[in-house]
Structures are given as C-alpha cells and as structure tokens.
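Engineer: Protein chains in written order, with our numbering: chain A, 16 to 255; chain B, 16 to 255.
Careful, some of the hints might be misleading.
Since the list gives no way to pick one copy over another, a pair counts as held whenever it fits inside one copy or between any two copies.
DSS-like cross-link-like pairs, simulated, lysine-lysine; straight-line CA separation at most 25 Å [unchecked claim]:
hint : residue 1 : residue 2
1    : Lys172    : Lys120
2    : Lys222    : Lys150
3    : Lys157    : Lys120
4    : Lys148    : Lys164
5    : Lys150    : Lys120
6    : Lys148    : Lys222
7    : Lys148    : Lys172
8    : Lys106    : Lys120
9    : Lys148    : Lys120
10   : Lys222    : Lys120
11   : Lys106    : Lys150
12   : Lys150    : Lys172
Hints listed in this document are in silico derivations from the structure and should not be mistaken for laboratory results.
These numbers come from a predicted model, not from an experiment.
In case you want the letters, here they are:
Protein chains: 2
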Amino acid sequence: MHQIDTSIPHGHTEQHMRSSEILTDIVIGMSDGLTVPFALAAGLSGAVSEAHINLIWIAGLAEIAAGSIAMGLGGYLAGKTEIDHYNSELKREYDEVERVPDREKEEVREFFSGLGLSREVQDQAVDEMTRDKEKWVDFMMKYELGLDKPDPRRARKSAFNIGFSYVVGGLIPLSPYFFVSDGIAGLRISAAITLCCLFVFGYFKSKLTGVNPIAGAIRVMVIGALAAGCAFAVARLIQS
Amino acid sequence: MHQIDTSIPHGHTEQHMRSSEILTDIVIGMSDGLTVPFALAAGLSGAVSEAHINLIWIAGLAEIAAGSIAMGLGGYLAGKTEIDHYNSELKREYDEVERVPDREKEEVREFFSGLGLSREVQDQAVDEMTRDKEKWVDFMMKYELGLDKPDPRRARKSAFNIGFSYVVGGLIPLSPYFFVSDGIAGLRISAAITLCCLFVFGYFKSKLTGVNPIAGAIRVMVIGALAAGCAFAVARLIQS
C-alpha cells in the first residue's frame, strides 16, 4: 500500500493530479488505519479478560496516536527529502553543464539515440536543445535523472492528510469495543464493520488505479482479514 | 516513509538499482517496524500494572504480526497493481497507435516541441520515431505516461523484504519488556536502544537518498520519540 506512484505529470493533467494526490494520501492513510488497529484489537480481544477490556482500546488508541504520527510525519519528511534531493541534483546539473558541457551534450545525444533517431536528427536536436541552458538542465533533470520538480507545499499537506486519514480509519474498527463488555463480541462487530469498509475502500482504490474494482476490493479485504487472523493467533498462542 | 521513489531508471544504472531496491524495502520495513511497535509498547508501559506486563508484549507481537502482513502483502499487491496498470495502458497505446495514428503522432511532436526543438527537427524526429511501432509505443509509455516497465518478480520479493524487515525492526524495541517486571523500566531500556537504532538507521537512509546524514538521522529519531511520547500520553490520559 505504500508504493503508490505520486509523481506529478506535467501540463494539462496537472489540475487533475492535484485532487488525485489528496485521494492518494487518503487511500494510504485510511488503508493502514483500517487494517492495523483492527488487527491489533482483534489480537488483543482473544487475549484479554473481561475485566481488562479497556486495555483493547487503550492499546488501540495508543497505536492510532503512534501510527498517525509515524505515517504523517514520515510522509512530511519524505516530501522534504524529495525536495532537498531535487535541489541538490539541480545544482549539480547546472555545475556539470558549465564544467563538462561536451560530456553533458553526449548524454543528451544518447537519449535521442535511444529513441531510435538517426545520427543527423540526433545532432540537430542536441544542437537546438543545448542552446538554452535552463531548458537543457530541465531536460537532464527530467529525462536523464527521471526527477520531476516537487511541490514544496505538498509535503505539509500530505502529512496532514495521511495522519488525519489514519486516525479516522483507525477509529472505525476500534469503536465497537467501547460498547461491549466482552472482547470476542467486540471483535465480531468490529470485523463485520471493518471488512465492509475495507471492501468499499478497496473498490474505490482500485477504480483510482484502473484495476478491476471487485477483484481489488476482495484483495484489500483479504489483507485485513489475514492480518487480524494472524494477530489473533499470535496473541492467543502467547497467552495460553 | 512511504513515498520513497521506487521507479526504475533504465540502461547502465539498472544493476545498481536492483540492490538499492532491496535497501529501499528494508528501509521502509525497518523504519515502520522500529517506530510503531516501539511507540505502542511505550504507550502501554504507562497504562499497564506490573501484574499485566505480559500484555505489553502480547500487544507488541500482535502488532508486529498485523503490521508485517499489512505492509508485506500491501507491498505485494501494490506491485501487482502496478504491473496490471502497465499492461492495460500498454494495450491501450498499441490500440491507439493503430486506430488514431495521427493523434498519437501529434502527441510525439508535442513532446519534442516541449523540449524546445525547431518545427523542422520535430517533424523529422516524429517521422523517424513512428516508423517502428514497438519503439513508438515504448516511447509513449515512458514519456507521455511516465510509466516504466515493472519487474514481475519484484512484487513477491518486495513483499518478503518489507514484511521481514518489519518483524526484525519490531522485535528490537519489544525485547527489553521480556526481561523486566516493571513497564517503565522496560520503557527506559527500549527507548535507549530504539532511539540509537533509529539514529543509525536514519543516518544510512539519508546517505541513500543523498541528504545530510546527521540531520536525517536526527529527524528519524525525533519522529520515533514523538510517536512514542504521544502514545504514552494518550494511554495515560485514558487510563487515569
């Protein structure tokens, strides 16, 4: 769930991508928020006596606090790192274009040669391309290094979106345990609600990425069920 | 921590990227594994009485089971989704090149025009580029859609690497609680060990991404400390 591509295409698709970036953040935060606290609470429900059912939601809320900070801040720092990395590479490219222009021109030529263009067109393209240093460096950044200019405001917003979605997602599987006095009863309601949410959520997530939505929804639900089942088994094994 | 760029550059850097992909997986798995179980155990250490200290590691191990499955399987499915998405786009591009070749040629021309090439060179490049349909589609996939061909074996390996790293990372902050009878004593040792690990880990992570390693190490450590502090505060607040 963490390797969703958040690179930003250029030109006319930009507006469209802004809203899909927010959706990506929500998808990342919610999917972890639904899955991990659900599985943790499920695990504890099998290991905690009736007298200590409050420990399920103490542990669950502690996990939500920890997870939302780790994911939110983690996302923020990943964004910051991306910007730092871009800027340091940008500086290096400007420097190289100044210091070793022939080598850099050769790299541009290799790009066009890789596209299958004839030597003649390659040379003409390199010649026109490298007249404007700014365009030249932009080109190297994008097509030699594969780096898109990151949006500086994005890191902060992304952190907030992911962290907040994690909290919302995490409260859903936890809420039934507030209203029951028996862990296993809580687990039954929690599992029913959470697996439904994971299905709906997996459905829309798959639509976003252009995969068969029903198959995607089932996949996401199965991950949650497996994680919860495994946590339950681990907790039961230790406790007995 | 989840937005590390795992796109695969082409050509001579490929071999280099293979090992850095494994490192990326380990970095993703370990950073979450160190942070979240650490913070959860820290949170519980402030809320659990001496008689129930075993609940700290029951909860911790349940969290590790849930988290490693959610992250590992999540990573696997993200990889699978990427492959499905690539293949469906590839099919569409082949179809479009066949059905609306003029519109697709115009898109190729726009790409070269965006590079700042003259109309003459644009036309020649488009002409040469579109002679070979396979190269043409490859070009559209890469430069119009920004999609690199994903490695099918990667999804499975990635899942295993991330899941396993999460388990290893998670056992580190949990281990002190096995040897003490008092939650707060366990927390002290756990915090000392984990913050050191997060520092070392943040140092190498930053080296990988080309950021100042000391600053990066401190950042990673601070996230862990904040997450643990917040989980501790939440658990204490509810319990009292």
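Engineer: Compare the structure with each hint and give your call.
Structural biologist: Evaluation of the provided hints:
no. : hint               : result
1   : Lys172 with Lys120 : neither (38 Å within a copy, 38 Å between copies)
2   : Lys222 with Lys150 : neither (36 Å within a copy, 29 Å between copies)
3   : Lys157 with Lys120 : both (15 Å within a copy, 22 Å between copies)
4   : Lys148 with Lys164 : within (17 Å within a copy, 31 Å between copies)
5   : Lys150 with Lys120 : both (13 Å within a copy, 23 Å between copies)
6   : Lys148 with Lys222 : neither (41 Å within a copy, 29 Å between copies)
7   : Lys148 with Lys172 : neither (33 Å within a copy, 42 Å between copies)
8   : Lys106 with Lys120 : within (17 Å within a copy, 35 Å between copies)
9   : Lys148 with Lys120 : within (11 Å within a copy, 28 Å between copies)
10  : Lys222 with Lys120 : neither (42 Å within a copy, 29 Å between copies)
11  : Lys106 with Lys150 : within (14 Å within a copy, 33 Å between copies)
12  : Lys150 with Lys172 : neither (30 Å within a copy, 39 Å between copies)
Figure legend: structure checked against the earlier numbered hints; hints not met, in rising order: 1, 2, 6, 7, 10, 12.
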